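Protein chains: 2
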Amino acid sequence: MTSSTFGSRLAAEFAAGRHLCAGIDPHAQLLADWGLADDADGAERMGREVVAAAAGVAACVKPQIAFFERFGSAGYVALERVLAEARSAGVLVVADVKRGDIGTSFAAYADAWLAPGSPLESDAMTVAAYQGFGTLAGALDRVQNDGKGLFVLAATSNPEARDIQRAKTPDGRTVAATIVDDAVAWNASVAWGEAVGSVGVVLGATLDLQDFGIDTGSQPDGPSLPVLAPGFGHQGGRVEDARELFGGIGHALLANESRSILGGGPQGLAARIGDRAAAIAAALDDRRA
Amino acid sequence: MTSSTFGSRLAAEFAAGRHLCAGIDPHAQLLADWGLADDADGAERMGREVVAAAAGVAACVKPQIAFFERFGSAGYVALERVLAEARSAGVLVVADVKRGDIGTSFAAYADAWLAPGSPLESDAMTVAAYQGFGTLAGALDRVQNDGKGLFVLAATSNPEARDIQRAKTPDGRTVAATIVDDAVAWNASVAWGEAVGSVGVVLGATLDLQDFGIDTGSQPDGPSLPVLAPGFGHQGGRVEDARELFGGIGHALLANESRSILGGGPQGLAARIGDRAAAIAAALDDRRA
Chain A
1 MTSSTFGSRL
11 AAEFAAGRHL
21 CAGIDPHAQL
31 LADWGLADDA
41 DGAERMGREV
51 VAAAAGVAAC
61 VKPQIAFFER
71 FGSAGYVALE
81 RVLAEARSAG
91 VLVVADVKRG
101 DIGTSFAAYA
111 DAWLAPGSPL
121 ESDAMTVAAY
131 QGFGTLAGAL
141 DRVQNDGKGL
151 FVLAATSNPE
161 ARDIQRAKTP
171 DGRTVAATIV
181 DDAVAWNASV
191 AWGEAVGSVG
201 VVLGATLDLQ
211 DFGIDTGSQP
221 DGPSLPVLAP
231 GFGHQGGRVE
241 DARELFGGIG
251 HALLANESRS
261 ILGGGPQGLA
271 ARIGDRAAAI
281 AAALDDRRA
Chain B
1 MTSSTFGSRL
11 AAEFAAGRHL
21 CAGIDPHAQL
31 LADWGLADDA
41 DGAERMGREV
51 VAAAAGVAAC
61 VKPQIAFFER
71 FGSAGYVALE
81 RVLAEARSAG
91 VLVVADVKRG
101 DIGTSFAAYA
111 DAWLAPGSPL
121 ESDAMTVAAY
131 QGFGTLAGAL
141 DRVQNDGKGL
151 FVLAATSNPE
161 ARDIQRAKTP
171 DGRTVAATIV
181 DDAVAWNASV
191 AWGEAVGSVG
201 VVLGATLDLQ
211 DFGIDTGSQP
221 DGPSLPVLAP
231 GFGHQGGRVE
241 DARELFGGIG
251 HALLANESRS
261 ILGGGPQGLA
271 ARIGDRAAAI
281 AAALDDRRA
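As given, the protein sequences belong to chains A and B, one line each in that order.
Residue 185 in our numbering sits at position 185 of the first sequence, and the numbers go up by one each step.
Residue 136 in our numbering sits at position 136 of the second sequence, and the numbers go up by one each step.
Hints are computed from structural coordinates only; laboratory data are not their basis.
In this text, all values refer to a predicted model and were calculated from it rather than measured experimentally.
Check the hints yourself; a few may be wrong.
Chain B side only, calculated, beta carbon under 7 Å to chain A, not exhaustive [said to hold, decoys possible]:
1) 27
2) 66
3) 69
4) 70
5) 100
6) 112
7) 119
8) 128
9) 130
10) 134
11) 138
12) 158
13) 160
14) 167
Simulated restraints, written as ranges between beta carbons of each label pair [what the hints assert, rightly or not]:
15) 33/A to 192/B: 38 to 46 Å
16) 172/A to 35/B: 48 to 56 Å
17) 241/B to 193/A: 48 to 56 Å
18) 144/A to 90/B: 30 to 38 Å
19) 116/A to 217/B: 16 to 24 Å
20) 271/B to 88/A: 48 to 56 Å
21) 172/B to 188/A: 28 to 36 Å
22) 103/A to 244/B: 21 to 29 Å
23) 28/B to 144/A: 19 to 27 Å
Every residue, glycine too, gets a C-beta built ideally from N, C-alpha and C.
Model the full assembly from the supplied sequences, consistent with the hints where possible.
What follows is the structure, encoded as structure tokens:
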């Protein structure tokens, strides 16, 4: 049992005006731009630089685990070092793993990424619930007992996602809307008195959410819903439009940017992170007005 | 470019009467049953024993990666050794990773698990397409150019999966059926003349597939569709029912069993794998009659 929930740690970031989620994407092309080798050592160096530049400026960092996993165990050694660095710098880490499975297999993924003391321990992980929200039980235990967080894929910004995520379940809701509703309901049932819940969703910043059957007209009952939103910056989403995009469900927003801060190499990284963090803070301050 | 497709390697297994997919699930309880430590070394030992017992008897082995990932980089070192052992023993490996993402991130997962020479190189991987079948492009390149295989989650045997997988897309098909159709269409377009395709689906062996909107009444146009079916054995599916369960789409069946062969410890492992392989072969021989 930890003394603070993930939602309360997020709320503290928001109170300090921090809403940027800084991506750590050691993609081959970006490593080349940085003058780094396309190997585990290069990935570790990029990760450490982003952590150092994000500390106290961004709300969190989000390593894309695929870019570490492609180097096998050596990539995971590098990742463990980046995660340890983030913990010691006090930067929240959302492990972008999009894991999904059932029963004890999914619980093992939750152990990997959320168990206190695990070599890959992070503050939160992204998950996919193609096999149903109920399969997330093993991670929800970690949320409730260990102060961890989850972001469940709901409506994503890639065009191929539309048919599945807008498909209608037997009660007439879309698949994406059931995920949002299940996350809201979990936060309300477990953490009613908290300002911000510990279970959030991933919603693309380039979407018309009404088109996905998601109600943005009102705030959820209970805690605010954490929303991790990729699609700002490089993909074309504008933080200035966040109010309109997310409406009542966007009050606990983490705006992710990766390519826009990583492109251009290590020179100027801290300045780019600072600029994007300030732009997002200004846009969301305006939203509250 | 490799000289053989994954589908042709599967076809050779089936021609030899091998349809069993032997799970490698180093779950804490199973490791304890085996008298092994609940650590990376224990997981490696279980994996090596299953590979040795499965060689020439089962069609493939299927390590559940979550049970290795919970040990971080040390677990991946153990896994790399098990995968190397399987390659040297000539046993096909389906990495049960259920990865899913978009664009270059998903391509990085395909690099991790399917790129020739990767430390985690496997013959095939399981994937989840919550973000759409089209997001699998990075792995489909590996299928086409490197002789690799995919199994896409379609209809799974856990009860929480029903609402999402049976949800209706705009053209009236279920989500599960669109996945099956997309896999069939890919095989037909890329590998028309082959007996067995290289892109398969995961279908639970405890389901009424018609209830998921999946047509089992006829064979697909083009190559047979590889079907990886968990749910036999421990979960209650009976291989004797495979004909009725999968009908026309079940001609390229990999029947997965994990707990039924791993339970009971290392003593008798080879005998249990041999017994289950024979039972499945007999049931499917009967089906062809």
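Okay, which hints does this one fail, numbers in order?
11, 18, 19
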